[in-house]
Structures are given as structure tokens and as C-alpha cells.
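K.L.:
Below, each chain spelled out in residue letters.
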Amino acid sequence: MEMPKPNAMILSAKARITARLKAVLPADSVIEDEAETRAYECDALTAYRCPPLAVVLPRSTDEVSAVLRICHEEGVPVVPRGSGTSLAGGALPTADAVIIGVSRMNGVLQTDYDNRFIHVQSGRTNLSVTGAVESDGFFYAPDPSSQLACAIAGNIAMNSGGAHCLKYGVTTNNLLGVRMVLMDGTIVQVGGPFMDSAGLDLLGVICGSEGQLGVVTEAWLRILPKPEGARPVLMGFDSNEVAGACVSDIIKAGVLPVAIEFMDRPCIEATEAFAKAGYPMCEALLIVEVEGSPAEIDEQLGLIKQIARRHNPVELREAEDEDQAKRIWLGRKSAFGAMGQINDYMCLDGTIPVSSLPHVLKRIGEMSTEFGLDVANVFHAGDGNMHPLILFDANKPGDLETCEAFGAEILKLCVEVGGCLTGEHGVGIEKRDLMTVQFAPEDMEAQLRVKDVFDPKWLLNPAKVFPLTVTASRRAA
Amino acid sequence: MTPATEAELAEVIRAGTGPMLVRGGGTRSIDHRQGAVIRTTGLSGIELYEPGALTLVARAGTPLAEVEATLAAEGQRLPFEVPDMRGLLGTAGESTIGGVVAANASGPRRVQAGACRDSLIGVRFVNGEGTVIKNGGRVMKNVTGYDLVKLLAGSWGQLGVLTEVSFKVLPTPETTATLVLHGLSDAQAVAAMSAALGSPYEVSGAAHLPGQGTVLRIEGFANSVAYRAGRLRQHLAAFGSVDHMDGPQVWADVRDLRPFHGAEGDVWKLSVKPSDAPALLVRAGAEAHLMDWGGGLIWLRMAPGSDLRARLGAFDGHATRVRGSDPSVPVFHPEPPALAGLMDGIRRKFDPRGLFSGLAA
Chain G
146 MEMPKPNAMI LSAKARITAR LKAVLPADSV IEDEAETRAY ECDALTAYRC PPLAVVLPRS
206 TDEVSAVLRI CHEEGVPVVP RGSGTSLAGG ALPTADAVII GVSRMNGVLQ TDYDNRFIHV
266 QSGRTNLSVT GAVESDGFFY APDPSSQLAC AIAGNIAMNS GGAHCLKYGV TTNNLLGVRM
326 VLMDGTIVQV GGPFMDSAGL DLLGVICGSE GQLGVVTEAW LRILPKPEGA RPVLMGFDSN
386 EVAGACVSDI IKAGVLPVAI EFMDRPCIEA TEAFAKAGYP MCEALLIVEV EGSPAEIDEQ
446 LGLIKQIARR HNPVELREAE DEDQAKRIWL GRKSAFGAMG QINDYMCLDG TIPVSSLPHV
506 LKRIGEMSTE FGLDVANVFH AGDGNMHPLI LFDANKPGDL ETCEAFGAEI LKLCVEVGGC
566 LTGEHGVGIE KRDLMTVQFA PEDMEAQLRV KDVFDPKWLL NPAKVFPLTV TASRRAA
Chain W
69 MTPATEAELA EVIRAGTGPM LVRGGGTRSI DHRQGAVIRT TGLSGIELYE PGALTLVARA
129 GTPLAEVEAT LAAEGQRLPF EVPDMRGLLG TAGESTIGGV VAANASGPRR VQAGACRDSL
189 IGVRFVNGEG TVIKNGGRVM KNVTGYDLVK LLAGSWGQLG VLTEVSFKVL PTPETTATLV
249 LHGLSDAQAV AAMSAALGSP YEVSGAAHLP GQGTVLRIEG FANSVAYRAG RLRQHLAAFG
309 SVDHMDGPQV WADVRDLRPF HGAEGDVWKL SVKPSDAPAL LVRAGAEAHL MDWGGGLIWL
369 RMAPGSDLRA RLGAFDGHAT RVRGSDPSVP VFHPEPPALA GLMDGIRRKF DPRGLFSGLA
429 A
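For the record, the sequence lines run as chains G and W.
When we follow our numbering, the leftmost residue of the first sequence carries the number 146, and every step to the right adds one.
When we follow our numbering, the leftmost residue of the second sequence carries the number 69, and every step to the right adds one.
Some hints here could point you the wrong way.
[Claimed, not checked] Coverage of chain G stretches by chain W, computed from C-beta distances (three or more under 8 Å per stretch; other residues unrestricted): (1) 151–163; (2) 185–196; (3) 566–579.
[Said to hold, decoys possible] Here are the simulated distance ranges between beta carbons: (4) W:Arg82 / G:Ala617: 56 to 62 Å; (5) W:Ala137 / G:Glu515: 45 to 51 Å; (6) W:Met313 / G:Tyr258: 25 to 31 Å.
It should be emphasised that the hints constitute simulated quantities derived from the structure, not laboratory data.
Every residue, glycine too, gets a C-beta built ideally from N, C-alpha and C.
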């Protein structure tokens, strides 16, 4: 994965730049020692690493503004970082970049149950947003699987989703406003604790812009009353096609589950060996979860089971208590960990129209043979967001490259059937060079022009999202 | 001009020399700009509908009625409950789906299902240079590149001309129940609506019509609706008696602003934090009002030429004049200075000659 060559002028000016940063921040907020900056050399895409020029850990929006003003004057690239859990390399620095980490800005500024929002600093973790309101019966809906660690700042940058977005939407549908610092240090508020704001929907384009338009320091998030209860049902089928048809029939019947998760045989086998959740050995497994009062859950699950029976399931198991519900989710939740036990793996994130599911799974199977690497599929079936896990051996020369080439082919297939390269992880550096598969040059140009407006010097996270050849002239300017 | 294809539309825009106005059916136009009218009604037809994937793709000039009828035939609907503005604005004609998107037109269900922009998953449009651009697609989870889909929703034709729009749709619930509370003041009504929306009973509409009552809606499968309506009545007991109301008509009234039909005067729309609504209503001194979205949306009828913004002073939110003719009062709320620079920057980048925004590069 190519990154731009660091600017030698900046590297040689490190002492001056860090001195200027230290002049506006407390001493413990600027990290320049090489042993310490190494902790920030990568995010969760660990195959690519590079220690940054320096790391700053501000405690306030004003401090972020002061840092950005200096970097803007010095022409130093800036990489914003939440908790560093990006699977796409969204927080990967270059040697001439300053990382702004928001982890120390993790407070709750206001909770307002009457108006159903919470105002937080952006370094707060996703799960602790819910943690701040759940004793009062509320929750924050987007639930990416890294929710214990990932920060709201990163969620906004990547427009993160989760297992429950079929009902509640993704980050952009739950974000009311942000306070954000532009590259030149200007502090702006976009949106706020009300339902829409005047003029163009800037918030809509800021969410998911991968830290390229500004550094978000605060957010107003919509919180929802917790449902009375939730219960999953597990069903096994003897082919992917039948499981796919069952998903489609459930949706058509007017039931709106909060989650429909899908696992194929390789995934079931691996997780069963690891987590021993008691899953049936079959070709495809669905976990469908519904919410409401016990009577409402019975009604919805009754309908779902009726539909499932029409597809001759090899297994149909409803959780009868909390413990059984946990067991049903256990395998799914440990799928990634299970894969990590047996192999190195790369997790993809393409989305496809739900109707293309059987075709895409068949093609992935064929490609697996061609490339000689195994694949396990686990994904959010209700919304078509796939997470194929390609297994490889990082110690075997050439295996990572083969894996990346295989992954690229799967993502091209997703686009070919009408889907997209990434459903919730973001482009980062990982899928940067595949953008031309999904977008024509003029489609990308329209996006680049938005960045031109927010960050005319192209200093914010400049080497991400778009192919380097496409952004070269702008970055050099 | 009524281009028959996207390519023809692009040609018309490239050849454009002066101000241009984009019109679908013209049923919800609220600004008073002048210019050569480009009609999108030649770009019509549903291109893809997959009920099992909850996805619909239509050309921008497709009549809203055709989209709604197609969805209804499969027991589905647009989640955001599109208002019909003809009665309020005195317009005629057929609303188009592209016009709905350009206005981000969203009705009472917004409190539960989000606005039009939340259901919109893809667009194609022609920018002010006559270049065709696509963004998003036909899948509901998509974070590939910047989300220009949201930017186009509610852009009122200032960034270009939409040619195709894609939606996530939802099943139409089996049953609807409406509960009504009588005699509440604005402040009590907001408190009751907040209590309802903060409950786990999935309220899909919360509106207050002075003189008529405070209404709450629950939708879903019959047993579930009966259960939740019962629980909600108990939950709101402190606000007085909670009765069932027959028929869903009141929601069409709220959605289309029927209480204001036939009455003279300017009409304003305020987007606010619900708990601020009662105090703002006092400051507004309107002739008539109603609240939707649990108090987050206030509709006001005012004497002609009133400047609501001047009466309110600073507040969290914004005001749009939906009906009125005094040219000295802007239709859209002035954008905060720091954001105005960004918004105008985007308008100029998408439309360097200012055909649609009036701003030249």
C-alpha cells in the first residue's frame, strides 16, 4: 500500500513544529519521542505502520483549534484519531504528519431526556454513551462490533453501523449535530439538538468523510428509549440460497427485525470449534432478533418461524430465557475471534443487494478455489452488508498479497451486482485504489470539490479515501 | 424546457447562460427566484423495485402518486410520510419524487422513521456544468466516499438537477391507533409528547392541534398496537384522560397543514428543540399554530409581512417562511457566518456559473 513520500522540509523542521505545539498545549499533551509515537504507528489495519512526526492529545476544542492553526501555517498534514480501531487504515499516519488524538476528550456535556439527546465530547467510546443513559432507560443505537473501544469521533468519521441498523439506521441517522474545527483552526457548530438545520445538509456530508473535512470535537447524538425486551431465534438451512430466500420472505412479510445475521458453513465450523455455542452443522445459519414486550416478541417470532418452516429449516431454535439468548449470540459474537485463532484473516465489508446473496456467495466459493485461500462468510443479511473473512498466513511470503488481490476481486463483484465497496468500515487506505471501480472520474471530482471547500490546502488526512494519483495535484498544491 | 433524457438535460444546462429554475410538479416551491424553468417531468418512471430488499429506484420526474401506488401494491411505503403542500400553497399539479427529495419533505413519522434524507440511499444529478454525477447507490449500508446523497436532499435545486433517486422503503404496518389528550396547553402538550416519545412504546407521530387535541400514533401488528396503546394510556395518565380516536385522518391533517387551508396570512415553519417550543410560541405571537414532531416542528400562521425571526431573536434552530410574499423577509433562515462560507463554497463548486444558486464562482 503506497503512501505519499514524507515532506523532507517538514521532517527537518520537527524541532520547531513540536516547540510551537508545546507552547500552546500542556507538556503532557505533545508526544514526540520515537519510542512513544510508535504506539500510534497504525490502527486495527496492522499490516501497515508508520510512526508520525508527533502526536497531540488535546483536552478541549480550543486546544484542537490552536494545534490546527499551527499545522495549517506550517503546512503539516494532520491525521485525526479516535480510538484507532479502524479496519481500513483511516488513522494511519505518514512520517510528516501530526496525529490529533481525541481520547482525552471523553466527557458527557449534557443529557436531555425530554428532548432525547446526549451531548458528548467526541473521544467518548460508543458503548459508554449508552452507559451514560441506560440506567434511565435509554440507549444510543449504532453498535459497531468494536463498540467497547471505538470513539464517537471515529464513528462519525466512518459513519459506523452495527448489527442493529436494519431498524435504527447507522451513525448518520442518529447524529443531530457536531462541533468541529476546520483545518485553519476555525471552530464551527453544524446542526445541534434539533431535527434539522438551515441551509445545505453539511452534517450529512461531514458524517462519513473519514476525517478529511475537519476534526470533530463534540457531538449531539439522538438517544432512544430502550425496548422492553429482545429475543433471538436461530435457524439452520441446507443451502445459502434457501437462507437468502428466507431473509427476503421475512422482510416482505412486514416484520422488521432489529437484526438478521447470517453465517455460512466455514464460519459455523470455526466458531463452533472455538466458542462451542452448540450451533447445528449446516450450510447456512440465521440469527433473527426482534424487540418489544414478551407478547409482541411472541407474535413476531411466531410469524418468523412460520415463514422459516416453509423453507424446511434443519434447525429452528428460539431462546427460552436470557441464557439461551446469550448462547445463540455467542457464536456470532465470537466469529472474528474464532477466525483469529486458526489463521490470520482479512475482513471485508462490501454491501450487495439482498437478492444477489446466493449468486455472490457462489462466486466467492469459486474464487476461493482459484486463489487457494479459504473464506468464511458472516454478515448483516437484512441490509446486505457482507463480512467475508479471507484466511491467510502472514508468515508465508506472498500470502498477504494473494489475500489482498482476492479481497479486491470480491469487492469488485459487490459493485458489479449493484452494491458498494464498503458498508460500514470506510475506505481509508485499504480500498482507496478500488474507488475507480465504483466511481467515474466525475463522481470522484464532485467529492474532491467538497474537500477543496473545507480544506483548500489538502492537509487533513490527505492520503485516504481517494486513489493517490487522483489527489496528487491537489496534495502538491 | 422539459428534457426527455438525462443527456438532453445535461446539454440544456451546458448551453444555459442565465438563471435556471428546476421544477418537478411545482407543488412545493417556496422561494421566489426567477429564471428559465427546467421541468423534470420528462424523466419519469420507476427503474427498479425489489420488495424483498426494501429498495426502490425512480427517475426524478416520476409522480409521487405513482411511487406510492407501486409501493402500496406490495404492502410497502415511503417511511417519511410525504406532505402534500398543494392545499397550503395553493399550487396545482402532480408532486414528483425528485421535488420531494429537493425539499427533504418529511411528515409526522419523522420522529420515528427519520426524514426523507434518512431513507434516501442514492442519487444521480446533473451539476451546474452539465456533468452527470452519481453518489450512493441502491443498498442501505454504504460508506464508500463522501455522502453527497444527504447534501442533495433538501438542497432546493441549488446544486444541480436530480435525475434519479433511490430509497430504502418499509412495510406498511397492519394497524394504526391514535390516542388523543384534550385541553392541554402548549407546555403541557410538549411535556406529554416528550413522555410518549421517551417511552418504549414506539410512538410514530406526536402532534398538538390547539383546540382539537394532542395526538399520538402507534403502528404495527394488531395485538402489539393494542398492547402498546394500553400501556401508553397508563404512562400518560398524569396528563388527563387519554382517549382513542377513530381513523387516521388527523395525521393527514397534520401532515398537509389542513387547519391552515383557506386562511389568509403568511405561514412559517420553525425547527427547534421541543422544550423550547412553548416559550418561542409566546414570543412569536402567531394568529394560529400547530406542533408536530413532538414539538420539534412548529407551524405558524402570521399576519402578512411579519418577520418571525425578528420577533424571536436568537434561538436554537431555524425558521423558514413557507408562504408569504414580502421580498424584504428572506424565505430561508440566514446561515451562520462560518457555515455560510462553506455552503456558498459548495454551491460555487457544484455550479460555478451560479445558474441554480445565483452565486457565480
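K.L.:
Quick one: which hint numbers does this structure break? Sort them smallest to largest.
P.N.:
1, 2 and 4
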